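A.B. asks: Protein chains in written order, with my numbering: chain P, 1 to 102; chain Z, 1 to 991.
The hints are simulated quantities; they were obtained by calculation from the structure and are not laboratory data. Here the structure is a predicted model, which means the values were calculated and not measured. For each residue, glycine too, the CB sits at the ideal point set by N, CA and C. One thing to keep in mind: the hints can contain errors.
[As the list claims (entries may be wrong)] Counterexamples of contact, computed for chain Z against chain P with all Cβ distances above 12 Å:
#, residue
1, 258
2, 452
3, 712
4, 886
[Said to hold, decoys possible] Below, computed lysine-lysine pairings styled on DSS-like, alpha-carbon distance capped at 30 Å:
#, chain 1, residue 1, chain 2, residue 2
5, Z, 898, Z, 883
6, Z, 25, Z, 370
7, Z, 6, Z, 337
8, P, 64, Z, 165
9, Z, 877, Z, 898
10, Z, 263, Z, 224
11, Z, 370, Z, 337
12, Z, 428, P, 98
13, Z, 370, P, 86
14, P, 98, P, 49
15, Z, 217, Z, 365
16, P, 49, P, 86
17, P, 64, Z, 744
18, Z, 6, P, 86
19, Z, 686, Z, 875
20, Z, 898, Z, 876
21, P, 86, Z, 744
22, Z, 770, Z, 988
23, Z, 217, Z, 25
24, Z, 876, Z, 893
25, Z, 25, Z, 6
26, Z, 224, Z, 165
27, P, 64, Z, 883
28, P, 49, Z, 428
[Stated by the list, open to error] Stretch-level coverage of chain P by chain Z, calculated; a stretch enters the list once three of its residues show a Cβ under 8 Å from a Cβ in chain Z:
#, segment
29, 23-30
30, 48-56
31, 59-68
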Amino acid sequence: MLLLTCPNCGLTVEETELAPGGEAHLTRFGPASGDAEFEAYLFLRDNAKGVHFERWCHAYGCGKWFLAARDTATLQVFGTYSAQTKEPPAEILESIAKGRAT
Amino acid sequence: MSRRLKTGGRLIDRDRPVEFTFDGKALRGYAGDTLASALLANGQRVMGRSFKYHRPRSVVAAGPEEPNALMEIGTGARFEPNQRATVQPLWEGLSARSQNAWPSLAFDVGRVNDLASRFLPAGFYYKTFMAPRPAWKHVFEPFIRKAAGLGSAPTEADADRYEFKYAFCDTLVVGGGIAGLTAALAAMRAGERVILVESRATLGGRAATDGAEIDGKAAEDWIKNAVEALEKSESVTLVARCEGSGVYDHGYVICTEDLTGFKADKSGPRERVWRIRAGRVIAATGAIERPLSFAGNDIPGVMLASAVRDYLLDYGVSPGERTVIVTNNDDAYRTAKALLEAGLRVPAILDVRPEVNSPIVRDIKDLGVKVHMGRGIARVHGNDAVTGVSVCLQAGDGAVMQEIRCDAVAMSGGWSPVVHLWSHCGGKLLWDAERAMFRPDPARPPTGADGEGFVKTAGAASGALTTAEVLADAAETVGGDAPSTAVVEEAPIRPVWVMPEGAGPKLRAKMWLDYQNDVKVSDVRLAAQEGFESVEHAKRYTTLGMATDQGKLSNINGLAVLADRLDRTIPEVGTTTFRPPYTPTTIGALAGEARGETFQPLRRTPMHDWAETHGAYWEPVGHWRRAYCFPRAGESHADAVSREVKNTREHLGMLDASTLGKLLVRGPDAGRFLDMLYTNMMSTLKPGRCRYGLMCDENGFLIDDGVVARIDEQTWLCHTTTGGADRIHGWMEDWLQCEWWDWKVHVVNLTEQFAQIAVVGPNARRVLEKLGGMDVSAEALPFMAWADGTLGGVDVRLYRISFSGELSYEIAVPASRGAALWSALMEAGADFDVMPYGTEALHIMRAEKGFIMIGDETDGTVVPQDLGLDWAISKKKDDYLGKRGQMRSEFHKPDRWKLVGLETLDGTALEDGAYAIGEGTNANGQTVVQGRVTSTYHSPTLDRGIAMGLVARGPERMGEVIRFTRIGQEPQEARIVSPVFFDPEGEKANV
Ligand SMILES: [Zn+2]
Numbered sequence: 001m002l003l004l005t006c007p008n009c010g011l012t013v014e015e016t017e018l019a020p021g022g023e024a025h026l027t028r029f030g031p032a033s034g035d036a037e038f039e040a041y042l043f044l045r046d047n048a049k050g051v052h053f054e055r056w057c058h059a060y061g062c063g064k065w066f067l068a069a070r071d072t073a074t075l076q077v078f079g080t081y082s083a084q085t086k087e088p089p090a091e092i093l094e095s096i097a098k099g100r101a102t
Numbered sequence: 001m002s003r004r005l006k007t008g009g010r011l012i013d014r015d016r017p018v019e020f021t022f023d024g025k026a027l028r029g030y031a032g033d034t035l036a037s038a039l040l041a042n043g044q045r046v047m048g049r050s051f052k053y054h055r056p057r058s059v060v061a062a063g064p065e066e067p068n069a070l071m072e073i074g075t076g077a078r079f080e081p082n083q084r085a086t087v088q089p090l091w092e093g094l095s096a097r098s099q100n101a102w103p104s105l106a107f108d109v110g111r112v113n114d115l116a117s118r119f120l121p122a123g124f125y126y127k128t129f130m131a132p133r134p135a136w137k138h139v140f141e142p143f144i145r146k147a148a149g150l151g152s153a154p155t156e157a158d159a160d161r162y163e164f165k166y167a168f169c170d171t172l173v174v175g176g177g178i179a180g181l182t183a184a185l186a187a188m189r190a191g192e193r194v195i196l197v198e199s200r201a202t203l204g205g206r207a208a209t210d211g212a213e214i215d216g217k218a219a220e221d222w223i224k225n226a227v228e229a230l231e232k233s234e235s236v237t238l239v240a241r242c243e244g245s246g247v248y249d250h251g252y253v254i255c256t257e258d259l260t261g262f263k264a265d266k267s268g269p270r271e272r273v274w275r276i277r278a279g280r281v282i283a284a285t286g287a288i289e290r291p292l293s294f295a296g297n298d299i300p301g302v303m304l305a306s307a308v309r310d311y312l313l314d315y316g317v318s319p320g321e322r323t324v325i326v327t328n329n330d331d332a333y334r335t336a337k338a339l340l341e342a343g344l345r346v347p348a349i350l351d352v353r354p355e356v357n358s359p360i361v362r363d364i365k366d367l368g369v370k371v372h373m374g375r376g377i378a379r380v381h382g383n384d385a386v387t388g389v390s391v392c393l394q395a396g397d398g399a400v401m402q403e404i405r406c407d408a409v410a411m412s413g414g415w416s417p418v419v420h421l422w423s424h425c426g427g428k429l430l431w432d433a434e435r436a437m438f439r440p441d442p443a444r445p446p447t448g449a450d451g452e453g454f455v456k457t458a459g460a461a462s463g464a465l466t467t468a469e470v471l472a473d474a475a476e477t478v479g480g481d482a483p484s485t486a487v488v489e490e491a492p493i494r495p496v497w498v499m500p501e502g503a504g505p506k507l508r509a510k511m512w513l514d515y516q517n518d519v520k521v522s523d524v525r526l527a528a529q530e531g532f533e534s535v536e537h538a539k540r541y542t543t544l545g546m547a548t549d550q551g552k553l554s555n556i557n558g559l560a561v562l563a564d565r566l567d568r569t570i571p572e573v574g575t576t577t578f579r580p581p582y583t584p585t586t587i588g589a590l591a592g593e594a595r596g597e598t599f600q601p602l603r604r605t606p607m608h609d610w611a612e613t614h615g616a617y618w619e620p621v622g623h624w625r626r627a628y629c630f631p632r633a634g635e636s637h638a639d640a641v642s643r644e645v646k647n648t649r650e651h652l653g654m655l656d657a658s659t660l661g662k663l664l665v666r667g668p669d670a671g672r673f674l675d676m677l678y679t680n681m682m683s684t685l686k687p688g689r690c691r692y693g694l695m696c697d698e699n700g701f702l703i704d705d706g707v708v709a710r711i712d713e714q715t716w717l718c719h720t721t722t723g724g725a726d727r728i729h730g731w732m733e734d735w736l737q738c739e740w741w742d743w744k745v746h747v748v749n750l751t752e753q754f755a756q757i758a759v760v761g762p763n764a765r766r767v768l769e770k771l772g773g774m775d776v777s778a779e780a781l782p783f784m785a786w787a788d789g790t791l792g793g794v795d796v797r798l799y800r801i802s803f804s805g806e807l808s809y810e811i812a813v814p815a816s817r818g819a820a821l822w823s824a825l826m827e828a829g830a831d832f833d834v835m836p837y838g839t840e841a842l843h844i845m846r847a848e849k850g851f852i853m854i855g856d857e858t859d860g861t862v863v864p865q866d867l868g869l870d871w872a873i874s875k876k877k878d879d880y881l882g883k884r885g886q887m888r889s890e891f892h893k894p895d896r897w898k899l900v901g902l903e904t905l906d907g908t909a910l911e912d913g914a915y916a917i918g919e920g921t922n923a924n925g926q927t928v929v930q931g932r933v934t935s936t937y938h939s940p941t942l943d944r945g946i947a948m949g950l951v952a953r954g955p956e957r958m959g960e961v962i963r964f965t966r967i968g969q970e971p972q973e974a975r976i977v978s979p980v981f982f983d984p985e986g987e988k989a990n991v
């Protein structure tokens, strides 16, 4: 059972307090999009064995969403960060490059 | 014959006899006995029958790895099958029964399976499934059902309670042997918070049994001092009778503590599940001795050499008078020593190693025991008990050199570290050829959140074999000084996977690998031959390592045989996956207190108590209880529902609608937000007005519906379905937080803040007028309008909306006023023939009107266009959630299943979920279907069956008669009609 730190309320919490939301940083494609773009948005996921950017909701806590960078094979967590961003922040990418949380 | 010795047994108390029964027979043991030791003490060697061949079986082991001695323990509501006699402490009045024996343990008809064993090879079950159907029905199934199965299922609900405990520590040590104690002491001295759990009642592990000198003291004394030091420390928690069951992500560990399973007094919780979050886990879980694979190695009397020692020294029980020892390592010589010291005879030691000259071997030879080097067992003689062994060269094909008379055989094939806890969360193993074992690879531990390993092993679990190695490893693991002990020289093991090496098919077919599942060397070889080369496939095909023991004894031997047959090395074949729990865990323990009424919280509306006292028949709706109907004396539920519908349509009905979701959406961008969430336009709704809306997911599928009221310029109140309140709230938050986070909108879930009462029927207006306080006329409050005001002195928000087709109001009041207003309405309504109605009447009335219900007409594959709801989908909006999904061609195919009404020709009701039968069959030979029933009721209003369904091109086929399936009966004919069965012009609500 994972332990993740919610950046919204600062608590490090058990997975049972959280609701998973799948892959992060998806771009929404609406009515103007072509079939390929829409299919990718709706169905195609990296399903990485390794570093994965993912959405979590602190459902039984502050109720806020956040994002996590986690290795799906080793379960190492490189950091959690705000859901209000289009891409992983620089310090998270730095942690991943170093192989540990900074 | 096994028996109790006159002296000895460090764990039993000879002053405290304990009475128990086995298969109805009254027996006596001592406090401290396990069920297995007490049975052996009573000369009861046969303890069960094997699963497939029903061969008589006795204990092979003395610990949790025992595959044979599975018992049914207890009676009635405390009956439990498959309990291992080796770890079941004896208590006064314990009643145990043997399993898999029919009609009796001594005479078992299933034994014919054994005689017919060549017809029950590996993959028997899978091959049987391929048999012709009649053979399966008349031969195999009755036979398997009668004869197979491990134990019988309890017939009563579990009488016991279970509890959870949450705990946190820096270091969790699993296993209280000398390795675990050393690790715990070191962690304690380093100032850590330590929890140490030990599955047995006493700490110390094997060292106390086998004897050793530690820090200049006898092992038993050293253990006593260590335990005292740990008990004294405030930072250490010691828990005995507590098994480390499973290690999970990021240092989460489940431990299971036995609270009453070892005693007659069953009051209080039976087990306590410890849910521990540990900084690090030290698995000091020891090692398990491996059996040797020789013909007849399952005959009662053949035991692990270490188990023989345990029964002798821990329980004062002799497994036999003359014990032949067969081994490939030095450790079994300790058993010889223990037997001789107890005055028992060891006719021979058969050691597969060509030449050994270690101190313990010399000692035993000096005692006059015949030690035969390079020899093994060709076969064991006996049926229900060992009568002797045939000796052969290990290097040969089994040619008999000598016969030795004996009544017990002690075998040792070496030791396998208990790596389960290391492996549960992904710790990797390496094959140590010198020690002939898989042991943890310290370079590849399971990793925690910080990417560092969080599990370490200590002592025998790391692969250490001698006392000195165990203590040194444990100290190094934690970082402390190792207690001092003498270094004893031991000769290396010689791995043996089949005895003798050149054994032919006949011998291989009598060499058991997995006792519990009756898997033999010949089965694993056959699996390999038939192409099941992966160890995971071979496991499932042969059932090797399945069932309750999960192959604790059989795995390594089995995969070695597989490797040999495939001409691969053991590490190339690898192990199967180790999964928690370490031993079977009671489901009740995992459920804890969450059963019956405490299974989950129950949500009650403010009017719940009124309904309860007025005879509500409840149905669960999510976490809520809603009244299904209010049956009167002598009335069936169907009668009550029928009465409630008629009374509402003719006079006045009242429904508790409080469970409907109420989400307040507010902010400068609220209108824009709701335009994205609903398929129709909500931003144009005028304050004071209501609009029915649909919500879809990005696939375009309908996920919820409800009435939206605009409260003011920046505020909307969205009603959701009862089950959708939390889900849709979460859905809104997700979009606001993760996609449109710059939009100025907030959402509040007010579902429980308001009670809501539907007042429905021709007399609805009159009862509100009687209460008085606000204008409820058609002019002041037209259909789909709302107003704030007072009714009977209570502040209310009054919506004029209808889900029944009747004149109808929904009154929202603060939850605290709900019960009072309900009672006031019931009282005022008495003059107007008011009756409460439940959810079933609600459902019928909406179906009579052709209104859809989320979850009935929708199932996650239905778009609103399928339901004829195009009128509720805005054509003007560029975008809404689901719009792009609905543009896909699949939803525009002409033969799409679409909503229609269905009327049976004979007036009966269609079956729920029935399929409409189409023309011919599909590629799989199945009947083609052209639709299905989504809602079906007997309409009290029309006194006939009515239904809604999705039918291919349905709306174009009005008047056509099609056939619907009916389970066990002829199909039913129904005509396609409009889904609006009642008052199609809407006149009743328009007053
Ligand atoms: Zn939080």
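A.B. asks: Now tell me if each hint is right for this structure.
C.D. replies: We went through each hint and held it up to the structure:
1. 258: holds (24 Å)
2. 452: violated (9 Å)
3. 712: Holds, because the least Cβ-Cβ distance between residue 712 (chain Z) and chain P comes to about 25 Å, which exceeds 12 Å.
4. 886: Given a closest Cβ separation of 9 Å, the condition is violated.
5. Z:898 to Z:883: holds (19 Å)
6. Z:25 to Z:370: violated (40 Å)
7. Z:6 to Z:337: Status holds; Cα separation ~18 Å.
8. P:64 to Z:165: Judged against 30 Å, a Cα distance of about 28 Å means the pair holds.
9. Z:877 to Z:898: holds (24 Å)
10. Z:263 to Z:224: holds (24 Å)
11. Z:370 to Z:337: Roughly 13 Å between the alpha carbons, so the hint for residue 370 (chain Z) and residue 337 (chain Z) holds.
12. Z:428 to P:98: holds (24 Å)
13. Z:370 to P:86: violated (79 Å)
14. P:98 to P:49: Judged against 30 Å, a Cα distance of about 18 Å means the pair holds.
15. Z:217 to Z:365: holds (28 Å)
16. P:49 to P:86: holds (22 Å)
17. P:64 to Z:744: Within the cut-off at roughly 16 Å; holds.
18. Z:6 to P:86: violated (79 Å)
19. Z:686 to Z:875: holds (19 Å)
20. Z:898 to Z:876: holds (24 Å)
21. P:86 to Z:744: holds (19 Å)
22. Z:770 to Z:988: Since the Cα atoms of residue 770 (chain Z) and residue 988 (chain Z) sit roughly 21 Å apart, the hinted pair holds (cutoff 30 Å).
23. Z:217 to Z:25: violated (44 Å)
24. Z:876 to Z:893: Distance of about 23 Å is within 30 Å: holds.
25. Z:25 to Z:6: holds (23 Å)
26. Z:224 to Z:165: This hinted pair holds, its Cα atoms lying about 27 Å apart.
27. P:64 to Z:883: holds (27 Å)
28. P:49 to Z:428: Judged against 30 Å, a Cα distance of about 17 Å means the pair holds.
29. 23-30: n = 3 at 8 Å, threshold three: holds.
30. 48-56: The restraint on the segment 48-56 of chain P is violated, since only 1 of its residues have a Cβ under 8 Å from chain Z and three are required.
31. 59-68: holds (count 4)
Hint compliance for this structure: hints 2, 4, 6, 13, 18, 23 and 30 are not met, and every other hint is.
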